[in-house]
Amino acid sequence: MVSDVSDISSTSDNFKREKNKKTKEWLEEVYIISIVLLSYLLARATGILGNEQLIHVGMMLILILVSVALIWQTWSGRRFGTGQSQYNAGIYAVMIMGIVMRIGYMLSTNCTVRGHDLWEIDPSGAGHAGYLLQLLTKHQLPDTNTLQFYQQPLFYILGAVTSWFLNLFFDDMTYYNLVDAAKTVSCIASCLSLVLCRRIAQESGLKDQGILCTLMLTAFLPAFYLTGGTVNPDALAALMMLYAYLFTLRWLRNQSWKNTILLAVIFGLAMMTKISCGVVALVTAGIFLWQFIIALHKKKAGKLLSKYLVFGCISIPLGMWYSIRNYILFNQSLTYVLWQGEQSDLYTGSHPIIQRILLIDVDNLLQGPYTDVRSDYNLPVYYLKSALFGEFSFDVPGFIPVLLLFTAFVLSLFCISAVIGSIRKRRIRRDYRIMIAVILSLVVYGSGVLFYLKYPFGCSMDFRYITFLAVPLSILLGKYAETHKVKSFYLHLLLSIYAVFSALMYSY
Amino acid sequence: MISILYAIGIMDVLFWCILFLKKRNGLPCYRISDLVIFYLFARVLPFMMQEQISTTSAMHLILDFILSIAMAYVIFCRYGRNISRLFYACYLFQPFSIILILFEKAGLQLLPVLFFGIFYVTDQFWKKRPFRWSSVIPEFLMLQTGFFCWYIAVRVTGQHLSDLSETQNIPVLYIVSLGIGGFGILSLILRYIFRSNNKLWLPQFSKSTSASPENIGPKTCNGFSCTKHTPIEVKDIIWMLILTVIFGFLVFYRLGSMRVPETEWTLSTGESGSNEIILGFSDEIELAKVHIFLGYNSKRSITFSYLTKDMEEWQIIDANHNVESAFAWNTVEINQKLDRLGMVLMSGNASILEIVCEDIYGNYILPYNASYYRTLFDEQGLYPAVRTYYDQTMFDEVYHGRTAYEFLHQLPIYENTHPPLGKTLISLGIRAFGMNPFGWRCICALFGVMMIPVMYLFSHRMFGRTSRAVFTTLLLGSQFMNFTLSRIATIDILVAFFVLLMFYFMYCFVRNLSMERMDCRQICQLLFCGCAMACSISIKWTGIYGAVGVAVIFFSFLIGKMNGIKNSKEHKIYLTRLAVVCILCFCVLPLSVYVISYIPFTRVYTDKNLIQTAIDNGKLMLNYHSKTVFDHPYASPWYDWLIDKRPLLDAYAVYPDGTISAIATFINPLLCYLGLASLVHQFYLFRCRQCSNAKFLLIAYGSVVLPWLLVHRTVFIYQYFIGSLILLLMITNSICHMKKSSLLMGIVATASIAIFILFYTVLSGAKIDYNYVNQSLEWLSSWSFAL
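Chains as they are written, first to last, in the numbering used here: chain A, 1 to 508; chain B, 1 to 787.
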């Protein structure tokens with residue numbers, strides 16, 4: 001494993017390529033932020049913001065156009081070109097379609113639709129809306145920790161700034177518009193997640209076919225649309241975790257001061273978005289330890305230790321300051337989460353643990369595609385359903401959600417197979433990048449299980465808390481597609497059907 | 001219908017699993033005998049499972065047979081023997097035809113021809129492209145899975161095409177079935193377009209590359225040679241003793257009380273005054289309940305009344321109250337202020353062993369005339385505050401324990417729906433320890449404990465190593481059902497013991513099968529096998545299932561051996577001697593023991609001779625068991641047994657502090673599901689590695705489980721007990737064929753024991769916290785231990 005790391009680093013070609021890449025990466029972020037903000041401004045200026053029908057038609061048209069272009073490219077590629085160009089076209093097409101789905105959903109859905117804990121749209125409210133409006137109107141952090149005010153502030157700060165900026169272009173700066181505009185931050189995060197997914201796939205050593213599979217799963221995962229269209233920190237938290245994942249891989253490849261400081265800042269910001277982002281830090285800490293042991297053997301531990309010190313000095317104050325503030329002011333524990341009480345109708349603690357955590361409730365799967373937060377208690381099935389439909393029901397013909405659910409179910413079986421295969425196969429196990437994806441998947445899923453055990457409520461099972469999990473799993477799925485050439489035909493077909501029904505579901 | 005659909009589904013899944021497991025060694029080549037067995041399982045068995053077999057479905061079956069043979073012949077002419085046989089096997093194991101045969105219209109029967117036509121044309125078409133049709137097997141599987149789900153959605157759950165666009169009550173299964181079928185078709189089209197005809201899933205068919213039965217891969221067991229026989233050593237005896245003592249301690253620990261009311265007061269409606277009990281209380285009391293410990297007659301009708309204040313008339317409190325359970329405490333709600341309580345037996349005789357009167361404050365009140373009814377109030381201290389399994393009968397003990405008591409005292413026999421030997425054995429315990437829970441349970445416990453050394457010997461004989469024998473025995477000890485059934489006075493543990501013994505001796509015989517001469521050891525093995533068979537059939541008719549299995553094992557191994565015989569003279573002498581011994585051991589002996597077991601009947605009913613009694617009772621049993629269909633909360637069909645779906649709650653009691661005592665009969669979930677996996681693996685071992693142990697175990701398992709597919713009466717999970725015992729041997733056999741088998745055995749045994757410890761409380765009836773049971777032990781939603 002040690003030799004693998006040293007193999008991958010170095011070589012001057014790699015550095016040149018990396019330099020070009022980084023310029024492009026920076027531009028990609030700018031493009032996406034601009035596209036999201038412009039589309040919001042355009043939609044609001046033309047009055048189509050929230051006009052579901054019109055936006056859905058537009059989304060369908062763009063998706064069909066991109067698909068036709070892709071089919072044309074594939075056909076012409078098969079006849080005249082090479083396989084390489086086909087995959088590249090596929091990757092870009094999938095990314096465009098994913099971004100269209102996210103922006104389309106954000107524009108067509110008002111902030112009050114399928115939201116979570118938004119509550120009163122008034123500065124006196126104690127939900128996400130109240131938090132934002134307090135920042136915008138009073139220009140200060142909440143002076144209590146009641147209800148949602150215990151949340152870390154980064155999303156709200158970014159939301160407030162973006163909302164203020166967007167509303168500068170319009171006359172009607174109502175509370176509603178101020179809150180509604182903040183969803184652009186979530187949408188940007190959701191779109192950037194897709195870009196980061198591609199970068200992580202590349203960083204994990206996946207080839208074109210694998211990257212395509214990875215992106216297809218992530219681009220059309222409705223959890224990203226749903227979190228991207230709501231006013232809460234989930235999408236931003238997922239993005240921050242992805243940045244942490246990406247920069248952990250990069251740090252492992254090149255343990256420069258720049259990468260160390262970047263990683264520290266990212267972790268700080270991630271934990272400033274949500275404390276649960278610290279889950280990735282467990283894996284990063286493991287990697288730090290592993291590298292430290294190697295450095296000890298090479299007698300170069302001193303330099304590494306100083307980097308760790310700087311890392312800690314940056315990330316811990318940045319990530320924990322709000323929690324420590326709340327601890328000092330309100331005696332709020334560092335990992336505080338709102339407790340709803342055993343009398344709540346969302347309480348699931350009375351069901352056997354094994355039925356809640358370990359078994360897959362097939363009966364529940366066959367009863368209907370949507371979740372029921374008050375009666376469901378089986379975590380795996382709820383995760384699957386909420387990844388596709390959140391906690392909501394939709395007014396679309398039944399065959400669309402059912403087929404989406406069952407393609408996703410089969411894909412999740414492929415993902416489980418990919419995780420097990422990665423652990424079992426020595427050749428794959430030796431690739432530390434894939435093993436990081438495996439460990440991250442297990443750690444994030446495990447954290448979800450622990451969270452549900454600690455807070456046994458229907459809403460604790462929502463996939464939005466672990467949306468990040470989709471990315472390491474999709475990386476493993478991509479690797480699976482690369483290593484199982486024979487089965488990849490069915491996997492690609494399944495992913496295509498999943499993409500079609502996912503698009504249909506949210507643009508019907 | 002659901003039962004048949006389950007059977008079809010399981011058969012198909014098994015076939016395709018084995019086919020895919022075998023694919024590494026090349027495509028399988030089936031013998032004619034294989035196809036006959038396949039036909040029996042894929043067509044005849046589902047056909048026989050119908051409650052009423054119609055002529056139309058019989059005609060459909062014949063038509064299907066003719067059409068399928070014709071199609072196989074066409075394939076044979078074009079592609080040769082191996083491919084036509086494989087085609088026929090694949091054709092048999094698709095649900096489409098059999099479902100049409102059993103449930104649908106005759107016209108649809110032509111669909112197989114259409115299927116064949118499409119197949120043939122496609123084959124021709126792709127051959128030119130070139131496209132190898134064998135690679136479309138995954139799509140074929142998807143289509144048949146889609147059809148199967150569609151059929152269940154339409155016929156069982158009542159979903160329809162018109163509901164497809166529903167937004168509220170979405171027909172999920174219907175849509176999924178269409179999705180699976182559609183995926184198959186789409187995949188087929190795309191693979192044609194993209195010419196994806198490379199090695200997909202299965203190796204290609206060709207006359208030269210198909211595996212022959214003789215060439216079945218590099219690792220073959222070649223009969224029993226993979227496990228050499230080693231004699232029992234001192235360490236084996238020590239292990240056997242240790243395991244038996246440990247299990248014996250667990251079984252006998254708090255098995256049942258040895259002290260219950262014994263002195264009786266008899267009521268009879270014949271003479272005036274002898275059918276009533278009048279209890280007087282010195283002051284007027286508020287009587288809440290009367291607890292009656294009933295003697296050997298159950299379901300006694302008693303009217304309860306009290307004398308009014310003016311002492312003029314008796315006011316009825318509860319007329320014709322049915323005092324239900326024999327040898328158990330029965331509570332009658334009174335809730336009346338009174339000073340005289342009257343109890344009048346309405347018909348027949350009743351034996352009452354003790355009465356306890358309880359007022360509304362929970363105090364036990366002794367009537368002032370208790371000395372007159374001395375035998376009713378002389379054992380008041382034996383009334384338990386909470387009535388658990390420990391102090392009284394549970395589940396079917398009320399029949400078997402009582403009948404054993406009747407055998408002992410030559411009373412009219414109540415339970416006559418099973419042969420008498422089991423109850424005769426139970427009566428030995430009652431004779432030794434009295435008519436109390438320990439007395440009626442101890443013989444079953446003894447036989448349950450004796451299964452430990454039998455399983456050890458069986459496993460040692462089969463796998464030839466101490467470690468494997470210890471492993472199998474540990475699995476048996478932690479199997480749950482063995483433990484629970486050992487602690488209840490029903491006949492299931494007894495029949496299971498003798499069936500296991502029967503299989504053991506038959507296994508010893510087939511291992512020693514030698515054509516040169518018949519030695520004394522072989523005769524003894526057959527004799528012991530016959531004895532065990534005789535006992536098992538004389539305890540319960542389910543022993544016959546095992547006997548059929550033994551017969552199939554005997555003949556299949558004998559025929560296998562006979563193929564290698566060259567000297568025909570010796571051959572004939574051997575077979576003649578064997579036939580004589582077998583007739584004696586497997587016909588004369590079982591029949592004799594069966595008839596002799598009816599002696600307790602002839603002692604009571606002297607009007608018939610022994611043989612006539614056995615025949616008449618046999619008719620009665622057949623009539624009873626063919627019509628016993630009733631609703632029961634713990635009844636479970638055979639397909640639920642395989643997945644341990646519905647445990648049977650034998651006893652349940654709630655303590656005043658909210659804790660509970662429960663006894664549930666079910667299988668250790670680890671062993672149940674591991675057993676299912678190893679069942680599939682046995683097919684693989686048998687087909688691909690020629691493993692004789694696997695063959696033996698499969699026949700044994702099939703013989704004790706498959707008959708239940710044809711039974712339409714209400715059944716329970718304990719009827720799977722013998723099958724679940726064979727699963728344990730299957731698990732060991734599977735692990736023996738794996739790498740790092742010792743490590744695996746260690747892990748499985750540890751996990752199994754850990755699960756046993758976890759569930760011990762609901763297996764033994766120990767006092768346990770309600771929430772612990774509810775939240776930690778009810779693993780499946782269909783499991784209910786805490787009511």
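Watch out, some of these pointers could steer you wrong.
Ranges between beta-carbon positions, derived for each pair [said to hold, decoys possible]:
no., chain 1, residue 1, chain 2, residue 2, range
1, B, Leu-744, A, Gly-312, 40 to 50 Å
2, B, Gly-658, A, Ile-261, 56 to 66 Å
3, B, Gly-560, A, Leu-282, 55 to 65 Å
4, B, Ile-10, A, Glu-29, 48 to 58 Å
5, A, Phe-170, B, Leu-164, 37 to 47 Å
Result set (DSS-like, lysine-lysine): computed pairs, CA atoms no more than 25 Å apart in a straight line [as the list claims (entries may be wrong)]:
no., chain 1, residue 1, chain 2, residue 2
6, B, Lys-337, A, Lys-487
7, A, Lys-425, B, Lys-740
8, B, Lys-309, B, Lys-337
9, A, Lys-454, A, Lys-425
10, A, Lys-425, B, Lys-739
11, A, Lys-258, A, Lys-307
12, B, Lys-289, B, Lys-337
13, A, Lys-207, A, Lys-425
14, B, Lys-22, A, Lys-485
15, A, Lys-425, B, Lys-627
16, A, Lys-303, A, Lys-258
17, B, Lys-22, B, Lys-627
18, B, Lys-299, B, Lys-289
19, B, Lys-740, B, Lys-299
20, A, Lys-258, A, Lys-299
Calculated directly from the structure, the hints in this document are not laboratory data. Using N, Cα and C, we set each Cβ at its ideal position, and we do this for glycine too.
Hints and how they fare:
no., hint, in the structure
1, Leu-744/B - Gly-312/A: 40 to 50 Å, "holds (44 Å)"
2, Gly-658/B - Ile-261/A: 56 to 66 Å, "holds (59 Å)"
3, Gly-560/B - Leu-282/A: 55 to 65 Å, "holds (60 Å)"
4, Ile-10/B - Glu-29/A: 48 to 58 Å, "holds (55 Å)"
5, Phe-170/A - Leu-164/B: 37 to 47 Å, "holds (44 Å)"
6, Lys-337/B - Lys-487/A, "violated (80 Å)"
7, Lys-425/A - Lys-740/B, "holds (17 Å)"
8, Lys-309/B - Lys-337/B, "holds (10 Å)"
9, Lys-454/A - Lys-425/A, "violated (34 Å)"
10, Lys-425/A - Lys-739/B, "holds (16 Å)"
11, Lys-258/A - Lys-307/A, "holds (10 Å)"
12, Lys-289/B - Lys-337/B, "holds (11 Å)"
13, Lys-207/A - Lys-425/A, "holds (19 Å)"
14, Lys-22/B - Lys-485/A, "holds (21 Å)"
15, Lys-425/A - Lys-627/B, "violated (56 Å)"
16, Lys-303/A - Lys-258/A, "holds (14 Å)"
17, Lys-22/B - Lys-627/B, "violated (43 Å)"
18, Lys-299/B - Lys-289/B, "holds (18 Å)"
19, Lys-740/B - Lys-299/B, "violated (58 Å)"
20, Lys-258/A - Lys-299/A, "holds (22 Å)"
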